[in-house]
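Student: Chain residues, written in single-letter form:
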Amino acid sequence: MRRFIAVLPGPTPVKYALAVVIVLIALVALFFIYDWIGANLLDTGGTIQ
Amino acid sequence: MDESLSTTTRTTRARSGTGIVVKTIRGIGWASLVVGLLILGFVAQQLFVTSWFADRNQVQLEEQAQEYFDATAAGVEEVPYITPLPGQQSRTGSGGSVPAETPNSIDGGPRATILVEPAPPVHQAFAILRIPKLDKLRDGWTVVEGVERSDLRNGAGHMTHTPVPGQPGNSVISGHRTTYGAPFHDFDKLEPGDVIEVETAIGMHTFVVREIVIVKPTELWVTAPRDGAWLTLTTCHPKFSSRQRLVVFAELVDGPNAAAILGA
Chain B
1 MRRFIAVLPG PTPVKYALAV VIVLIALVAL FFIYDWIGAN LLDTGGTIQ
Chain X
1 MDESLSTTTR TTRARSGTGI VVKTIRGIGW ASLVVGLLIL GFVAQQLFVT
51 SWFADRNQVQ LEEQAQEYFD ATAAGVEEVP YITPLPGQQS RTGSGGSVPA
101 ETPNSIDGGP RATILVEPAP PVHQAFAILR IPKLDKLRDG WTVVEGVERS
151 DLRNGAGHMT HTPVPGQPGN SVISGHRTTY GAPFHDFDKL EPGDVIEVET
201 AIGMHTFVVR EIVIVKPTEL WVTAPRDGAW LTLTTCHPKF SSRQRLVVFA
251 ELVDGPNAAA ILGA
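Quick mapping for you: the protein sequence lines, in order, are chains B and X. Just so you know, we're using our numbering here: the first sequence kicks off at 1 and counts up by one. Just so you know, we're using our numbering here: the second sequence kicks off at 1 and counts up by one.
Next comes chain B alone, as it looks inside the complex (with noise of 0.2 Å):
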């Protein structure tokens, strides 16, 4: 993690609050993909299609 704060630009503030928004986005984005898959392979809601 230091090592991934450290080769972001800018003064290590702005370093903090890069990684910060990186790794929200990262969060929010696994959540999508984590909703395509349940909701493609798990359990799609029992639908008769």
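Don't read these hints as lab results, they were simulated from the structure. Here the structure is a predicted model, which is why all the values come from computation and not from measurement. Just so it is clear, CB atoms sit at the ideal spot from N, CA and C, and this is done for glycine as well. Some clues are possibly wrong.
To be verified - Just so you have them, the derived chain X footprint on chain B, three or more residues with Cβ under 8 Å: (1) 8-19; (2) 36-43.
Unchecked claim - Examples of chain B residues toward chain X, derived with CB under 7 Å: (3) I5; (4) G46; (5) T47.
Let chain B serve as the given structure and place chain X on it in line with the hints.
Tutor: For chain X alone, coordinates are given in the frame of chain B:
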């Protein structure tokens, strides 16, 4: 001198070899840790986060359904209902192919009236499903119009081209088995004879489970119209898989329209 150089070279090579092995093992370890965390996150998201959203939405949807009941009460129509003879499709005077004034002797059995509520708007919470035998559904789960993914995230979904529960025909409702609150999680515990209640704008309809089948997701016959008033509930089967569908067929036995539809 040469011997010393050779020993140093061998030592360096050995260290380099050990370094690669250590790095590889370390890499595999980190990769396993990341994959494990991703899987753990997936399980947590599917089981807990989706259910948290569904439970939260249910509170709002239940209020929405109650408001819908009040708003729809004025639009409820009382129309003639012609009880079909064996082998005939049931008909209502307002929309059937045979006029309501057709004599019973030609058209069918005894004539009565039923309460017809207007079709709810898509995505609208319009009914509350209760199954006293199942913990999850004992207090009710809101049904919304439509079976799009967004509808099923919020509540159980009613197939738009099928009648509203309590009306003649086959009303089909689908719901999640393992995620988004898993309202239909324990459907494998249902047996013929179990009671299912559905509250709509015209009142409480009581159905009794007649048959439970497991079919492929493409078997559309389960949604086909039926004589009388039926409720068909569908969900994924087995749990944690969408390979098949568990289908519960329940027949209307009591409610505002039961006497007319059953020809009592």
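Student: Quick one: which hint numbers does this structure break? Sort them smallest to largest.
Tutor: Per hint list: 1, 3 violated.
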